[in-house]
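Colleague: Produce the entire structure from the sequences given, and follow the hints as far as they go.
Residue strings, one per chain:
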Amino acid sequence: GIQVEQSPPDLILQEGANSTLRCNFSDSVNNLQWFHQNPWGQLINLFYIPSGTKQNGRLSATTVATERYSLLYISSSQTTDSGVYFCAADTGFQKLVFGTGTRLLVSP
Amino acid sequence: DTGVSQDPRHKITKRGQNVTFRCDPISEHNRLYWYRQTLGQGPEFLTYFQNEAQLEKSRLLSDRFSAERPKGSFSTLEIQRTEQGDSAMYLCASSFGANEKLFFGSGTQLSVL
Chain A
1 GIQVEQSPPD LILQEGANST LRCNFSDSVN NLQWFHQNPW GQLINLFYIP
51 SGTKQNGRLS ATTVATERYS LLYISSSQTT DSGVYFCAAD TGFQKLVFGT
101 GTRLLVSP
Chain B
1001 DTGVSQDPRH KITKRGQNVT FRCDPISEHN RLYWYRQTLG QGPEFLTYFQ
1051 NEAQLEKSRL LSDRFSAERP KGSFSTLEIQ RTEQGDSAMY LCASSFGANE
1101 KLFFGSGTQL SVL
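So the protein lines, in turn, are chains A and B.
Residue numbers are given in my numbering: position 33 of the first sequence equals residue 33, and the series is strictly consecutive.
Residue numbers are given in my numbering: position 21 of the second sequence equals residue 1021, and the series is strictly consecutive.
Derived from the structure by calculation, the hints contain no laboratory data.
Glycine included, C-beta positions come from ideal geometry on N, C-alpha and C.
Any given hint could be a false lead.
[To be verified] Examples of chain A residues toward chain B, derived with CB under 7 Å:
1. Asn-31
2. Asn-38
3. Gly-41
4. Leu-43
5. Asn-45
6. Tyr-48
7. Phe-98
8. Gly-101
9. Arg-103
[As the list claims (entries may be wrong)] Which chain A residues stay away from chain B? Per the calculated CB distances, all over 12 Å, these:
10. Gln-14
11. Asn-18
12. Val-29
13. Ile-44
14. Ser-82
15. Ala-88
16. Gly-92
17. Gly-99
18. Leu-104
Modeller: This is how it looks when you write it as structure tokens:
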């Protein structure tokens, strides 16, 4: 099955800093999503982005399907951005495979 | 749109007991998924339904696990003869269809003593 790897595993930022999270996947995908899991465990869908670029406020994501990676950009980070960011990919078997996540801590 | 609802939020049980969790998806979503998440890991797929039909089950879903979605609306996940290794967060998610955004509930945290 598809393998999904994320980097870095841990990230500490000062409030206001920018960051880039990376997701590599081992096979062609028709479904790539980014999620934020807040400290209370709730998973929030950030982007559905099998290819191309999307922006939502301070967050944006780019997937280069031909090179099998996706990037999540966080600009002007806030303490509420803390948590774990997951990317998840599906090759067409209708089940998302999640990476191990990037743990982000934004300090004031 | 009230989101995906799961009940209970927490469940503590003794080894060998049976437990049942409920998930109410977003009302117009015909796909419903169950995932399991252990500490420090990403969610792992267990099973999914399209309407009332269970279309796939993971190898993680042993014969002690059973899931139903009787009328294509809410779903239940039952674990029989619980083991300590079953301790995890059980997450339900729904989507409007295939290759659509997945929306998760808050999960049921199971602790087996």
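Colleague: Which of the numbered hints are not met once you compare them with the structure shown?
Modeller: 2, 9, 12, 13, 15, 16 and 17
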